[in-house]
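For the protein sequence lines, the chains are X and C, in the order given.
Sequential numbering from 1168 applies to the first sequence in this note's numbering.
Sequential numbering from 2 applies to the second sequence in this note's numbering.
If a hint is listed, it holds; no wrong ones were tucked in.
Heads up, simulated DSS-like pairs for lysine-lysine below, C-alpha to C-alpha not over 27 angstroms straight-line:
#1 X:Lys1238 to C:Lys27
#2 C:Lys198 to C:Lys27
#3 C:Lys117 to X:Lys1183
#4 C:Lys117 to C:Lys198
#5 C:Lys117 to C:Lys192
#6 X:Lys1183 to X:Lys1238
The set of hints was computed from the structure by calculation and includes no laboratory data.
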Amino acid sequence: MSETAGQQHPIGIYLKIWLLLFVLSTFSYLVDYFHLEGFLRWSLILLFMFLKAGFIIAIFMHLTWERLSLKYVLFLPLLAIAVLIALMSIEGDHTHLMRLTFFDE
Amino acid sequence: MDTRTREDSYTEPGVSGMVADWAADKQAFDMPWGKLMMWIFLLSDTFIFSIFLTSYMNVRMSATAEWPNPSEVFALEIAGVHLPLILIAIMTFVLITSSGTMAMAVNCAYRRDRRKTVWLMTATALLGASFVGMQAFEWTKLIVEEGVRPWGNPMGAAQFGSTFFMITGFHGMHVTAGVIYLAIVARRVAKGRYEQKGYAIVEIAGLYWHFVDLVWVFIFAFFYLW
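Next comes chain C alone, as it looks inside the complex:
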């Protein structure tokens, strides 16, 4: 067994620290197992979303029909003003704001300020729910008014619909799951369930939530802006 104490065995920085973490007779990762498992899950989820976005790139590159212009497809008329992509921009701001409130919830949780933690997590979940609501509105408009289907659409390349519903649908599902996850954890924080165990769970839930925001950054850039 390493003669150093547990605390200073994780203090060596850089590559030599990494070698020590992996090669010494100790736990390789200095964190609760739940947090490590969340990171591993998020890595696998990164692969799933990367594969979706890569296949989207592939079909968009190989399509001979013209790709519908997302700037126009997702435009809205608000009070008579034609605004391109406005709903998507609002959804982006809502999700970023929810990430901000979540980051502060993690901070409050580690300071054991339960009241603020619950309040901030609830705000995060509500913002997430409103994101899903706006997405439902967007889908409805696209299906009912624009006639977009997974197998075709009036604007151009048929692959537009299938990739759109697949990618945003899978992301929306993640947001929905996140809202439920946050609601459950917030309720348990309110009941004082983590007073003994510690509040790593809030950070773990936060990692998931920030990841959902992170994926949206890529979807926003590649699907809506490109």
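Just chain X, same shape as in the assembly:
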């Protein structure tokens, strides 16, 4: 490898993202603190989660500046996980229904 092949960005961007992650974490904590319920609770939890995860991957792990070749290697396999989640939620629902029908006292 060429010796300078490394990620080099101004340090200020890390401080900004750090601050942003702090704010987003505070928001997700407040979702619980204020006892938000139902659809609002779940959508806010997911929103803050994906924002935090996105900033960590994009900036801290430098994926924004990587080649598309690597991005595809990392993100295409995740489709399999999406399929697994879908299948397991169907299965979980089914098991729940069966337990209620046959085992609930």
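Got chain X sorted already, so can you dock chain C onto it with the hints?
Just chain C now, with coordinates in the frame of chain X:
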């Protein structure tokens, strides 16, 4: 062999660049092999944690007994004030802070500022160690005071304990391994071992550390907040 020089063979952006990376007679990934292997490892680790979290979703959906409310289970009394989830929130902030110091350590390493790199990596490892310490406290409280066991608990669905110990335990193990990894790399940076080889190793260690933080984001959302 491609007639272009090595540098500009990786400059073409987008899909045509990706096709060139994969199809041309050259190395597909423009990075040190160690970094690529870390990415592949992290992808496999993503699958492990995804499977844990998916199985947690599955047993929580199928449980007929009521799921214990994590907001109350993990609440603490601090100076007489009842605070839900406060320890978990503090652990989250500690881990995010350690990710911030790690990102800056990578930056300093590539600028060959060894002193700052070692200092920032040590801070990262110490924050990680304090995270593990708080987790040990959390586990102790849960086992001794709340009576949570992998096979049951007084608050509700028995599956709560097994998924909790499995998921947070596996994550805690990753943090512990990361602390050791960072300590070893920091020591070698201090000794000047990478002056010749270059400092990609700090970025590689950083990828692992950010991943541990990343997994915690998902555990925090799905296990503690949901």
